[in-house]
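Chains A and B supply the protein sequences, listed in that same order.
Residues in the first sequence are numbered consecutively from 1, following the working numbering.
Residues in the second sequence are numbered consecutively from 1, following the working numbering.
Hints listed in this document are in silico derivations from the structure and should not be mistaken for laboratory results.
From a predicted model like this one, the values you see are computed outputs, not experimental measurements.
Glycine included, every Cβ here is placed at the ideal spot set by N, Cα and C.
Some hints here could point you the wrong way.
What the hints assert, rightly or not - With a straight-line Cα cutoff of 30 Å, these simulated DSSO-like cross-link-like pairs (lysine-lysine) come out: (1) B:Lys176 with B:Lys104; (2) B:Lys300 with B:Lys77; (3) B:Lys176 with B:Lys77; (4) B:Lys40 with B:Lys137; (5) B:Lys161 with A:Lys18; (6) A:Lys18 with B:Lys303.
Stated by the list, open to error - Examples of chain A residues toward chain B, derived with CB under 8 Å: (7) Cys154; (8) Glu288; (9) Arg325; (10) Ile328; (11) Ile331.
Stated by the list, open to error - Every beta carbon over 10 Å from chain B, so not counted as near; a handful from chain A, in silico: (12) Gly4; (13) Glu115; (14) Gly271; (15) Lys277; (16) Glu321; (17) Gly373.
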Amino acid sequence: MNFGFTEEQDVLRAEVRKFLDENAPLDEVRKISESAAGHSPEQWRRIAELGWTGLIVPECHGGAGLGAVDLVVLLEETGRTLYPSPLLSTTTAAAALLAAGSDAQRARWLPALAEGAEIGTLAFLEAADRLDAAGVELAGEREADAYVLRGEKCFVPDAGAATLFIVPFRTGPAPEDLALAVVPRGAEGVAAEDFPGMDLTKRIGRLTLDGVRVPADAILGRPGRVWPALARTLDFATAAVTAEAIGAAEGALALTTEYARNRIQFGSPIGRYQAVKHPLAEMYVDIESWKSLCYYAAWALDESPDEAPRYVSMAKAYASEAFARIGIDVIQLHGAVGYTWEFDAHLYLKRSKWVRPMYGDADYHYDRVAALGGL
Amino acid sequence: MDFTLTPEEQAFRDEVRAFLDENLPPEAERTPEFYGTWQKRVREKRWVGFSWPRDVGGGGASIMQQAILKEEMAKRKAPPLGTCFMGLAWVGPAIIEYGTEEQKRRFIPDILDGAYHWCTGYSEPDYGSDLASLQCKAVREGDAYVVNGQKIWTSIAVWSKWIILLVRTSTNPRDKHDGITCLLVPMDSEGITVRPIKNMSGGALFAEVFFDDVRVPVENRLGAEGQGWKVTISALAHERSSIAEVASLMRHLEGLVALARECTRNGRPALHDPSVRRRLARLETRIEAMRTNGLRYLTKQLKGEPLSSETSVNKLQRAALEIEIGDMAVELQGHAGPLTRGASPAKADGHWQHVALAWPEVVIGGGTPNIQRNIIAERILGLPKD
Chain A
1 MNFGFTEEQD VLRAEVRKFL DENAPLDEVR KISESAAGHS PEQWRRIAEL GWTGLIVPEC
61 HGGAGLGAVD LVVLLEETGR TLYPSPLLST TTAAAALLAA GSDAQRARWL PALAEGAEIG
121 TLAFLEAADR LDAAGVELAG EREADAYVLR GEKCFVPDAG AATLFIVPFR TGPAPEDLAL
181 AVVPRGAEGV AAEDFPGMDL TKRIGRLTLD GVRVPADAIL GRPGRVWPAL ARTLDFATAA
241 VTAEAIGAAE GALALTTEYA RNRIQFGSPI GRYQAVKHPL AEMYVDIESW KSLCYYAAWA
301 LDESPDEAPR YVSMAKAYAS EAFARIGIDV IQLHGAVGYT WEFDAHLYLK RSKWVRPMYG
361 DADYHYDRVA ALGGL
Chain B
1 MDFTLTPEEQ AFRDEVRAFL DENLPPEAER TPEFYGTWQK RVREKRWVGF SWPRDVGGGG
61 ASIMQQAILK EEMAKRKAPP LGTCFMGLAW VGPAIIEYGT EEQKRRFIPD ILDGAYHWCT
121 GYSEPDYGSD LASLQCKAVR EGDAYVVNGQ KIWTSIAVWS KWIILLVRTS TNPRDKHDGI
181 TCLLVPMDSE GITVRPIKNM SGGALFAEVF FDDVRVPVEN RLGAEGQGWK VTISALAHER
241 SSIAEVASLM RHLEGLVALA RECTRNGRPA LHDPSVRRRL ARLETRIEAM RTNGLRYLTK
301 QLKGEPLSSE TSVNKLQRAA LEIEIGDMAV ELQGHAGPLT RGASPAKADG HWQHVALAWP
361 EVVIGGGTPN IQRNIIAERI LGLPKD
């Protein structure tokens with residue numbers, strides 16, 4: 001029995017933290033996130049060399065061949081410094097290829113994702129903002145062996161930076177009549193751009209497909225049979241977002257705790273007052289708790305798939321709800337300085353706003369927990 | 001991460017399961033005679049005081065064996081292992097760690113057998129959360145301490161034969177913790193008066209205990225004079241994975257789901273109401289958070305790292321859950337919510353109304369939630385003491 005990390009995972013954490021401490025302190029994060037690209041292409045090459053972009057890609061396709069638990073370690077650390085990069089999106093695209101792709105398809109795209117030559121993303125959501133199979137309305141029209149896609153994907157993570165889109169589309173009227181296309185940014189009829197957003201460290205955008213022809217060899221899995229693989233991919237991405245939120249919330253707690261130790265009012269550090277220390281203790285309780293749920297969810301994704309959906313949903317529901325609260329409390333506990341652009345507190349509030357809806361908010365996941373529990 | 005058991009652990013789990021198959025009938029078929037036999041059988045297996053050393057009559061179990069036993073017992077809703085619950089929870093462990101051989105011989109077998117109850121004399125009227133400032137006084141006179149003072153919130157004092165008592169033996173110590181001594185006192189000693197306190201559920205589980213020139217032989221002192229604080233709060237090598245608490249909360253939650261099926265909102269089962277479903281899912285999520293937090297504590301213990309303040313996380317989670325479950329059960333019953341036993345509209349003859357008023361026993365006892373928050377803020381986050 002061991003619900004802890006291996007020595008290798010501890011080493012991975014230390015390496016990731018070292019790179020980020022050296023290259024991406026918060027002032028650097030601000031510069032990167034305010035750039036047009038929203039990430040640092042130079043650092044992207046380096047983290048690819050460090051193996052982050054191919055962490056879950058099998059070794060035979062140029063990756064590290066690790067699992068969801070290892071990814072949690074990586075993302076907790078990138079979350080801690082609100083690191084802006086399309087790492088989570090690219091990993092999600094790789095997860096989709098692993099879940100639904102044939103050997104040939106994996107061999108074709110995974111090495112490029114692992115090397116960082118391609119930036120991938122899963123373009124699931126549409127304007128209706130639904131996470132179930134019925135939420136995919138984008139129609140694919142059959143044309144000989146190929147499908148022609150016409151329509152729009154909304155809320156696409158890193159749409160502006162992505163070069164490879166995994167695009168679910170509809171092939172028939174039943175909810176699960178879906179297929180999954182791999183669409184390169186350069187294909188004719190593809191346009192993608194980021195929306196302006198609160199959290200500059202996280203980009204979300206729109207993908208427009210104007211008669212984009214997808215050849216048969218770029219369709220993952222069998223049309224009409226792809227939903228289970230897609231659902232697994234969504235669970236994987238949900239766990240990843242939840243893990244990154246752990247790091248971000250711990251960063252917020254550390255910042256605020258430090259402030260409470262040093263800020264003197266009424267002749268004493270404000271952290272001596274229970275009105276300040278108790279909310280901080282509550283943050284700790286919540287972070288530790290969704291951390292445990294997230295670790296278990298990641299373990300289940302790797303080792304016990306039947307248990308995974310319930311734990312993924314519990315972890316994300318908890319994280320969505322608690323991190324939203326933490327984001328607001330962090331500003332309040334700082335007082336006026338927390339409201340300034342210059343001070344870092346608002347970066348965490350804005351991250352909490354990005355995390356909350358991502359792959360389902362608390363209500364969505366509590367509903368899913370209720371349904372999975374047979375209520 | 002790896003949740004597989006070693007072959008030895010699997011064998012032990014199978015042994016427990018086989019025992020339960022043979023000795024534990026379904027809940028509805030458990031007669032009063034069964035409970036007596038049960039205690040005898042589990043005592044024979046040395047599952048009472050399972051973590052205690054074998055030479056005092058315990059089971060000498062590893063942390064992992066303790067967890068497996070608790071888990072299997074909880075799954076089958078087995079009765080408690082042993083009946084002297086304060087003796088098993090902290091009096092026994094303190095005696096094993098600090099007691100003389102004579103004290104061990106005298107008390108440990110009785111605790112394991114459940115021969116009588118122990119109660120705990122810690123809190124005083126003026127010193128509850130600030131326990132280390134306690135004032136109940138003991139003065140050495142020859143071979144005895146003479147105790148004067150008062151304790152309060154002493155659970156099951158009325159039917160206990162012994163009390164583990166914290167007294168002040170030095171009024172002028174360097175540190176307030178240093179002047180405290182631990183005594184083991186028979187409740188029938190001359191000069192002890194017990195006055196039950198009616199609690200808000202109408203029961204009288206706790207009491208005030210008065211000490212008026214009570215003579216306690218020096219041989220009944222546990223640990224050295226002035227060592228009392230350490231004796232009572234010293235980290236005990238308990239398995240602290242919250243398994244039993246999680247199992248009990250899960251049972252409450254199952255009951256609550258059944259209640260939500262039975263109660264109606266706008267003419268439909270309350271369970272169809274999205275807000276009810278979400279609240280239930282939220283409770284389930286928090287209970288699972290406790291369970292998985294517990295798995296992390298257990299892992300830490302298995303690695304030989306002592307647990308300390310982090311267990312306040314689950315204490316806070318549990319406190320919130322105990323309150324919320326009872327409160328929701330009452331709310332679901334609408335206008336029958338505030339009715340009690342004997343009122344026909346109250347479901348389960350007022351069971352939930354009782355639950356809704358009984359939470360302070362676990363929420364306040366052992367440190368209020370605000371004390372737990374102080375512990376986390378000061379000892380884990382490093383904020384200044386207030």
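Verification of the hints:
1. B:Lys176 with B:Lys104: The hint holds at about 29 Å.
2. B:Lys300 with B:Lys77: With Cα atoms ~27 Å apart, Lys300 (chain B) and Lys77 (chain B) stay inside 30 Å; holds.
3. B:Lys176 with B:Lys77: Roughly 43 Å between the alpha carbons, so the hint for Lys176 (chain B) and Lys77 (chain B) is violated.
4. B:Lys40 with B:Lys137: violated (40 Å)
5. B:Lys161 with A:Lys18: violated (60 Å)
6. A:Lys18 with B:Lys303: holds (26 Å)
7. Cys154: Status violated, d = 25 Å.
8. Glu288: holds (5 Å)
9. Arg325: This interface hint is violated because 13 Å lies over the 8 Å limit.
10. Ile328: Constraint on Ile328 (chain A) not satisfied, violated at 18 Å.
11. Ile331: Constraint on Ile331 (chain A) not satisfied, violated at 18 Å.
12. Gly4: violated (4 Å)
13. Glu115: Correct as stated: the minimum Cβ-Cβ distance to chain B is 29 Å, above 10 Å.
14. Gly271: For Gly271 (chain A), whose nearest Cβ neighbour in chain B is about 4 Å away, the distance does not exceed 10 Å, so it is violated.
15. Lys277: Label violated. Min Cβ-Cβ 4 Å, cutoff 10 Å.
16. Glu321: violated (8 Å)
17. Gly373: violated (6 Å)
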